[in-house]
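Trainee: All chains, please: the whole structure from these sequences, using the hints.
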Amino acid sequence: GENVEQHPSTLSVQEGDSAVIKCTYSDSASNYFPWYKQELGKRPQLIIDIRSNVGEKKDQRIAVTLNKTAKHFSLHITETQPEDSAVYFCAASSPAGGFKTIFGAGTRLFVKA
Amino acid sequence: DSGVTQTPKHLITATGQRVTLRCSPRSGDLSVYWYQQSLDQGLQFLIQYYNGEERAKGNILERFSAQQFPDLHSELNLSSLELGDSALYFCASSVVPSNTGELFFGEGSRLTVL
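One line per chain: the protein sequences are G and E, in this order.
Positions 1 to 113 (the working numbering) are the ones given, in order, by the first sequence.
Positions 1001 to 1114 (the working numbering) are the ones given, in order, by the second sequence.
Among these hints, one or two may not hold up.
[What the hints assert, rightly or not] Derived lysine-lysine pairs resembling DSS-like cross-links, with alpha carbons at most 25 Å apart:
#1 G/K68 to G/K112
#2 G/K71 to G/K57
#3 G/K37 to G/K112
#4 G/K57 to G/K68
#5 G/K68 to E/K1009
#6 G/K22 to G/K37
#7 G/K71 to G/K37
#8 G/K71 to E/K1057
#9 G/K37 to E/K1009
The set of hints was computed from the structure by calculation and includes no laboratory data.
Source: prediction; values computed, not measured.
Mentor: Below you can see the structure in the form of structure tokens.
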């Protein structure tokens, strides 16, 4: 079945450094790749997404890259701040069945002040 | 506020019991998804409904069932509860058909099985 692998499971960086989270997916029909941020005790919220016809997308301090051939995509956060500390989930969505979305296991990011 | 409403927010029950979790999607969203999040775990996809019909199924146990009603709200029924069913259950909705695919999550229903 569909699978999304995410690494690392935990990431600790110093404030101001960059953070990179990587994901791979198995369903070659996937064409939409969102990233969600979940703060402690809160619901997941979309922070950035990328579609399969685009290789890179940037929104201020966050960017996502996609390599469809290799079936992997990455989240890059630059100039990290303490408020970036959260769990980040990558996901892959396939149009089959109305955008069934499969999530990675999550990365817990700690930004040390 | 995502516009997705889940009730109850918290629920404590005993093993062997049955509970029903309810979800009202955002106005206009036809698709409803259910996810299970155990402690410090990821989001496990359970099931998806679109306009009243089951559209996709994930790792949902046979003890669990769900449905989406004509008014588009959805219910997740969990029966013969076990300790391991304790988790945060999220409902999400999306605009379908759409090439956006963004999921709008509710606040979740935290189930504790004692």
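Trainee: For every hint, state whether the structure bears it out.
Mentor: Hints and how they fare:
{"no.": "1", "hint": "G/K68 to G/K112", "result": "violated, 33 Å"}
{"no.": "2", "hint": "G/K71 to G/K57", "result": "holds, 16 Å"}
{"no.": "3", "hint": "G/K37 to G/K112", "result": "holds, 18 Å"}
{"no.": "4", "hint": "G/K57 to G/K68", "result": "holds, 14 Å"}
{"no.": "5", "hint": "G/K68 to E/K1009", "result": "violated, 39 Å"}
{"no.": "6", "hint": "G/K22 to G/K37", "result": "holds, 15 Å"}
{"no.": "7", "hint": "G/K71 to G/K37", "result": "holds, 22 Å"}
{"no.": "8", "hint": "G/K71 to E/K1057", "result": "holds, 23 Å"}
{"no.": "9", "hint": "G/K37 to E/K1009", "result": "holds, 20 Å"}
Going down the numbered hints, you'll see the structure goes against 1, 5, while the others check out.
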